[in-house]
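> Chain by chain, the residues run as shown.
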Amino acid sequence: MSLQVVIDGLVAGAMIGLGAIGVTLTYSILRFANFAHGEFIAWGAYFALAVSGFLGVLAPSLATPIGPFSFGWSLPIAALGAIALTAALALLVDALLFGPLRAKGGAIIILVMASFGAALTLRNLLEFIFTSRPAYYAEGLQIALRFGGVRATPDALLCLGVAAIVVVAMRFLIAKTAIGRAMRATSENPQLAGLAGVDIRKIVRIVWILGAGLAAIAGIMVGLLVQIRPTMGLDLLLPLFAAAILGGIGSAPGALLGGLIVGLAESITVRLIGAEWRAAVAFVILVAILLLRPSGLFGRPE
Amino acid sequence: MTAQALETRALVAGYERDLPIVRGVDLNVRAGEFVVLLGPNGAGKSTLVKAIAGLVPIHAGAVLINGEDSTFSPPHQKIRRGLAFVPQTENVFATLTIEENLRLAADILPNNVRARRIDELYAMFPDLAARPGRRAGQLSGGQRQMLAAARALIVAPSLLILDEPSAGLSPKIAAEVFARLQAINATGVTIVLVEQNVKAALAVASRAVILVEGEARHEGSAAELADDPIVAELYLGAAKAGA
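In the order they appear, the protein sequences are chains A and B. Last residue of the first sequence: 1577 (this note's numbering), numbering continuous. Last residue of the second sequence: 666 (this note's numbering), numbering continuous.
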């Protein structure tokens, strides 16, 4: 196995991992599998596309590529806007759909089915607004850098770096801050958390904001390294859940590690067997982890 | 006139609207009192205190905490009004350390008093201070009850409600728990205790209320009820037997 396979796998895994952190957070706090999470990834990518396009028209100099990267300052600025907009979208979906269902004491299966409905709506809305034609943040080809026998584009290396920084920040937030304590407490026992003074509704909002924000970052990475399509979230859904469950529900570092493992496994499979088997890898990992260790690598047994 | 720490007015509560477990309970607890709720299994004692804490749906009636209407307030708001509730089971965060359990509860306090309150609670419960980094899930039953009480007390509540704190504990540890509750009450904290250990509860409480089939049927001073043979025979069979 060449080192190139490892690099490709890590880059793909970082994108999966960031999305999986959002899945694992919402799953552990809201206690349902949100199948609309992939759509937040796609919406994040399109929000960034729209905002960076707008900024590029407003100030063309912002579209000039920064150093070795393929994009100009318009994209990092747009990324901040996309994170905020995706978080707002997630809060809106919760206010209109999941919140009322929770208030009625809806069963988990109802929430899961509702998330399927939300996913379909959000995906088709994207297609209606932006069409199904693939889009890109930058049109130019980027020359990969060589490190010995390994090649990686500056964009890919940047994505790896951003993923590392985000996971360290998330780890700090969850392990060391009052919000993180409240999130962990709510995840373990929401009733007792309320009795400890935790405002559960506030924690739910924070989780949506964090999850959607991370989804937006993952979406921008996918858009930067692959392409932007309305179905990009759907394509990532299975790897996201495989990574979240592999890492252990509720564990942010576990989700990133799970993402890296899924990404590496996909990369190795593509090299050894063929690209048509890529989609099967996440499914095999998901089934294997559910059979062998349902609590995942860092999760606690139910 | 002594202020009311807790008042329920014709409270109807239960998990299902059509099947209330608590049926029109009027409860008045004055500030500084130590009241024990007694009654046979299924009488609705735990449901009543859970409804007061905001954990069980209330279908009719009212709950006032320190004179403020808190009927439909979520638990975190009731905590800010001076209530602390210690459930019977799952009353600590097993995956959090002792320190984290206390810091979580202290997070609603102003920044400058959090550390001091944690230190005060460690002084009150030295067993907890010995291993602050230990996960609560690894503690013994007695240590868990101590942590649960410390977590509840850290916000200096005016009203402390406990649901069977002696359940599952050895008689020696249970006696320690009751002694501590008496000491806490002596500092001015109002206590409402749900307890099956009738004899021990009546020994430490000032007043008792007996619930039967979701209704408050009898009430009186703890000493009176302890000596009342009819009440003991009807509702406190365990007490008569010396439980």
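Please note that a few of the clues may not be correct.
What the hints assert, rightly or not - Which stretches of chain B does chain A cover? Using the computed rule of at least three CB atoms under 8 Å from a CB of chain A, they are:
{"hint": "1", "stretch": "434 to 440"}
{"hint": "2", "stretch": "470 to 480"}
{"hint": "3", "stretch": "491 to 502"}
{"hint": "4", "stretch": "608 to 621"}
Unchecked claim - Going by beta-carbon spacing under 7 Å, a handful of chain B positions derived as facing chain A:
{"hint": "5", "residue": "Thr518"}
{"hint": "6", "residue": "Glu523"}
{"hint": "7", "residue": "Phe548"}
Calculated directly from the structure, the hints in this document are not laboratory data. Since the structure is predicted, the reported quantities are computational estimates derived from the model, not experimental observations. Even glycine gets a Cβ: it sits at the ideal position worked out from N, Cα and C.
> All the hints need checking, so say for each whether the structure fits it.
Each hint, compared with the structure:
| no. | hint | in the structure |
| --- | --- | --- |
| 1 | 434 to 440 | violated (count 0) |
| 2 | 470 to 480 | holds (count 3) |
| 3 | 491 to 502 | holds (count 4) |
| 4 | 608 to 621 | violated (count 0) |
| 5 | Thr518 | holds (5 Å) |
| 6 | Glu523 | holds (6 Å) |
| 7 | Phe548 | violated (17 Å) |
When each numbered hint is compared with the structure, violations occur for hints 1, 4, 7.
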